[in-house]
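A.B. asks: Sequence:
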Amino acid sequence: MSLNGNTTSTESSAIEERQNNNNGDSWFHGVLQRQDAEELLPKHGNFLLRASEVHGKMSMILSVRYDGKLHNFGVNSDAVGNFWFEGTHREKTVEHLLQWHITNGIPITKISGVKLGSPISKPDWIIDHESVIFIKKLGEGAFGEVSLAECEIGGQKVEVAVKTMRCQMTRETRAAFMKEARLMRKYSHPHIVRIIGLAVHAHPLMIVMEMCPHGSLLSYLRKNKTKTTLSERLRFCIESADGLAYLEKKQCLHRDIAARNCLLSLTDQIKISDFGLSDDKRTEMHDDTLGKVPVKWLAPEVMQDKLYSLKSDVWAFGVLMWEIYADGADPYPGMSNLQTRAKIFCDDYRMPFPEITPPMISEIALKSCWTKLPADRSTMKFVLLKLKDLSMPVSSDKISEDRRNENHRTSSLPRCFVCAVDWAERHHHPTASSEDVSPPHLKKMFVMRSTVCLLVYLLVAVWTPQAKAGARTPFFDLTQYNDWPQFEDYVKGVAHDNPSFVQLKTIGRSREGRPLLGVRIGKPAPAGRRKIAVWLDGGNHAREWPAFHVAVYFIEKLVNGYLGDDKITKYVNTLDIYVFPVLNPDGFVYSRTSTRATIRQWRKNRAPENCTGTGPFSSDLCCEGVDLNRNYDIGFSHNNYPFNNPCSDEFQGPRPFSEPESRAVRDFVMSSEIYGRLYALVSMHTHGQLWILPYNYHKRTYPQDFKDLETLANRAADRVFAYRETKYRVGTAADMLGTATGGATDWIKKNTPTKYVYVLELPPDMKTWFAFQVKPHWLIPIGKETWLGIEVIFDQVIEETKNFQPTSEPSSNGTADSRSPRFRQL
Numbered sequence: 001m002s003l004n005g006n007t008t009s010t011e012s013s014a015i016e017e018r019q020n021n022n023n024g025d026s027w028f029h030g031v032l033q034r035q036d037a038e039e040l041l042p043k044h045g046n047f048l049l050r051a052s053e054v055h056g057k058m059s060m061i062l063s064v065r066y067d068g069k070l071h072n073f074g075v076n077s078d079a080v081g082n083f084w085f086e087g088t089h090r091e092k093t094v095e096h097l098l099q100w101h102i103t104n105g106i107p108i109t110k111i112s113g114v115k116l117g118s119p120i121s122k123p124d125w126i127i128d129h130e131s132v133i134f135i136k137k138l139g140e141g142a143f144g145e146v147s148l149a150e151c152e153i154g155g156q157k158v159e160v161a162v163k164t165m166r167c168q169m170t171r172e173t174r175a176a177f178m179k180e181a182r183l184m185r186k187y188s189h190p191h192i193v194r195i196i197g198l199a200v201h202a203h204p205l206m207i208v209m210e211m212c213p214h215g216s217l218l219s220y221l222r223k224n225k226t227k228t229t230l231s232e233r234l235r236f237c238i239e240s241a242d243g244l245a246y247l248e249k250k251q252c253l254h255r256d257i258a259a260r261n262c263l264l265s266l267t268d269q270i271k272i273s274d275f276g277l278s279d280d281k282r283t284e285m286h287d288d289t290l291g292k293v294p295v296k297w298l299a300p301e302v303m304q305d306k307l308y309s310l311k312s313d314v315w316a317f318g319v320l321m322w323e324i325y326a327d328g329a330d331p332y333p334g335m336s337n338l339q340t341r342a343k344i345f346c347d348d349y350r351m352p353f354p355e356i357t358p359p360m361i362s363e364i365a366l367k368s369c370w371t372k373l374p375a376d377r378s379t380m381k382f383v384l385l386k387l388k389d390l391s392m393p394v395s396s397d398k399i400s401e402d403r404r405n406e407n408h409r410t411s412s413l414p415r416c417f418v419c420a421v422d423w424a425e426r427h428h429h430p431t432a433s434s435e436d437v438s439p440p441h442l443k444k445m446f447v448m449r450s451t452v453c454l455l456v457y458l459l460v461a462v463w464t465p466q467a468k469a470g471a472r473t474p475f476f477d478l479t480q481y482n483d484w485p486q487f488e489d490y491v492k493g494v495a496h497d498n499p500s501f502v503q504l505k506t507i508g509r510s511r512e513g514r515p516l517l518g519v520r521i522g523k524p525a526p527a528g529r530r531k532i533a534v535w536l537d538g539g540n541h542a543r544e545w546p547a548f549h550v551a552v553y554f555i556e557k558l559v560n561g562y563l564g565d566d567k568i569t570k571y572v573n574t575l576d577i578y579v580f581p582v583l584n585p586d587g588f589v590y591s592r593t594s595t596r597a598t599i600r601q602w603r604k605n606r607a608p609e610n611c612t613g614t615g616p617f618s619s620d621l622c623c624e625g626v627d628l629n630r631n632y633d634i635g636f637s638h639n640n641y642p643f644n645n646p647c648s649d650e651f652q653g654p655r656p657f658s659e660p661e662s663r664a665v666r667d668f669v670m671s672s673e674i675y676g677r678l679y680a681l682v683s684m685h686t687h688g689q690l691w692i693l694p695y696n697y698h699k700r701t702y703p704q705d706f707k708d709l710e711t712l713a714n715r716a717a718d719r720v721f722a723y724r725e726t727k728y729r730v731g732t733a734a735d736m737l738g739t740a741t742g743g744a745t746d747w748i749k750k751n752t753p754t755k756y757v758y759v760l761e762l763p764p765d766m767k768t769w770f771a772f773q774v775k776p777h778w779l780i781p782i783g784k785e786t787w788l789g790i791e792v793i794f795d796q797v798i799e800e801t802k803n804f805q806p807t808s809e810p811s812s813n814g815t816a817d818s819r820s821p822r823f824r825q826l
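At position 5 of the sequence shown the residue is numbered 5 (full-length UniProt numbering), and the sequence of numbers has no breaks.
Source of the hints: derived by calculation from the structure; they are not laboratory data.
Be a bit skeptical, because a hint or two may be false.
[Stated by the list, open to error] Straight-line distance between alpha carbons at most 27 Å, and here's what the computed DSSO-like set of lysine-lysine pairs gives:
| no. | residue 1 | residue 2 |
| --- | --- | --- |
| 1 | LYS367 | LYS306 |
| 2 | LYS69 | LYS227 |
| 3 | LYS69 | LYS43 |
| 4 | LYS367 | LYS69 |
[Stated by the list, open to error] Cβ-Cβ distance ranges computed for the label pairs, FRET-style:
| no. | residue 1 | residue 2 | range |
| --- | --- | --- | --- |
| 5 | ARG222 | ASP67 | 37 to 47 Å |
| 6 | ASP566 | PRO333 | 25 to 35 Å |
| 7 | HIS44 | ILE111 | 13 to 23 Å |
| 8 | ASN72 | PHE804 | 42 to 52 Å |
Bear in mind that the values here come from a model prediction, so they are computed numbers and not experimental data.
For glycine and all other residues, C-beta sits at the position ideal for the given N, C-alpha and C.
Work the whole structure out from these sequences, hints included.
C.D. replies: Here's what the structure looks like:
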């Protein structure tokens, strides 16, 4: 098939030969733009073959990287099928011609002096047409049709969306089509449509993208008029703002932001699409062709001066928010395009939001998006932060009546204050914009929010049947540090009030007899099946109070979100989530007894005075306590300072597993309840902003699946960074900080089939000295951003284990080989 319907030249014949010649296929990249070729040729002498339109017909082009520059040469041909570059030497195939130049070291042309080195094979994103099987047409686009298709990727057939380009297209249109694909290849974000690849060897040229089966946001809003809940609308706003803030960071002008260009995934997540008008690496641009974009989404400066910028995208986002709350109605209802322009310019008109819109949403649109001057508009990053401020853990309009009656809890009051304090904290975040509310105004608004929350709580307490019936989850205020009795009462209350999916767990007792308490959150498994499990813990070290409270935040998130949040409902239904906020209760209680530094900064458990150190510390030093995270039987050595010093904060103990707390964890992870189905474990500490991988007892020592652990950790860290730019370093502690023997996570990774095992050092970073106890108002923000990283891990666990059934038998020697995880494929 010819790449151009009206071309019968020998150049096009050569191109067709490439399509049918398997030997040269890896060199030929199809219809590729010069910019794409430049990206694919990184080294001196690299070359590839591509097709391009020259003087109205398709020709074969040789692109070569030479002396740091890209050189492009047309392949000459004649009527009898000879090919050459210059001079008298001819070959019957392009491959033979290139091989002759390589073998003899002959320059392509004398004047250029360019010689060929290594050919570049097709990248993974260039897809063969044969691997795409069309199923049905979905619609029409500017360039051609959009279809549902099946594509073979990595040996698996998946459903994809395919945008095709009409055969009879100009060179300029073809360039625009390829530019859209080039832009999409640069972006990777959960709320941007992902491009899978390009099919460019024949007509029609195709962009292959992830399939968004639930269609456009516009269609969804119109189909579900009045049925879309306020929480769903807010989520649509937040997710689209998240994607646009990412594009803003990449300096991408989208220029066509609207509900029609937001697609919905299988789980109804927003995916921003249609980059046909987009441009990158610039903050503004002029474009005289206004006819391509519907006027009602344009900012005033675009209408008047035809000047697009990142701030004109912010204006369009305000219109998108209006669409979301107006059930997909046309903006500026009842007005023509001409009337809309006149109202905006002459009357400084801003269309009112529908009555159902929360006042804060319309305020964001009016004050952050729709200001007349671009310089006065907020950034998308700031708009995103303001929208997230409005996000509640649970939306009452989405909770089923059964959920209200079964599991409503009297902790509404603390959750209200949590939201109010979280909102206030957002406006004092050190990375926040200068557009933040002034402190006096902030204080007044905080008091107002808290008062409203109190009234809501009182109404709930009076009218909720479950409250009258004696729900017993007590007040656990996450805006301050809590003591052990409050935690003990809280965790027992959570289990009592939510028996259908929360179970109280006691895995052992401490030196002083306190229970090692936690919960298992998860719906019961079907008969004959075992669910995959994950483990979250905090409080290994006494002074690290934030880790304990963040773990409690996770319990709140999971319990409050079940049946009210689709993601959390999936986690609870699919996984068994074990959360143990305090694994060192004695040390924690001791650290709360005094403000003296030696007590407040206590790290170890409360083991009695120990004089069993080795070397110079054999008997002359006697001190209390053992570092529970040095007491496991891995890398344990009596010769390593400071781990052999009883008076060190990191004293490993007289022998491995000398402490009841470490033995309790060991025995539980090896028990029939959880062994063989525990797939991920995250142990939280403070501080340092580190995502720590095994192993840490020796430098440059890694498990065989280290690359998998590192890849997932980087994804989780990137997700946290995207939220509020909290930067985590990823690696082993041994490589980043120094060796540490006897670690719990190292031992668990080495001795169980658990795949993903991490230590998470929460904020602040290492630049802040001895910041083990951050100010209490930071607890919820740290919990919120950390949860985003945990979600990445949960999603990966569910994806990897959907076809596996966990087993339950530990090996005979009590250890597991990480190369042979004990999960049976269904």
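A.B. asks: Each hint should be assessed against the structure and marked as holding or not.
C.D. replies: Hints, one by one, checked against the model:
1. LYS367 x LYS306: Status holds; Cα separation ~23 Å.
2. LYS69 x LYS227: Given pair LYS69, LYS227 is violated - Cα atoms ~58 Å apart, limit 27 Å.
3. LYS69 x LYS43: holds (10 Å)
4. LYS367 x LYS69: Distance ~48 Å between LYS367 and LYS69 Cα, so the pair is violated.
5. ARG222 x ASP67: 37 to 47 Å: Violated, since ARG222 and ASP67 (Cβ atoms, about 58 Å apart) do not stay within the stated range.
6. ASP566 x PRO333: 25 to 35 Å: holds (31 Å)
7. HIS44 x ILE111: 13 to 23 Å: holds (19 Å)
8. ASN72 x PHE804: 42 to 52 Å: The hint (42 to 52 Å, Cβ to Cβ) holds, given that ASN72 and PHE804 are roughly 51 Å apart.
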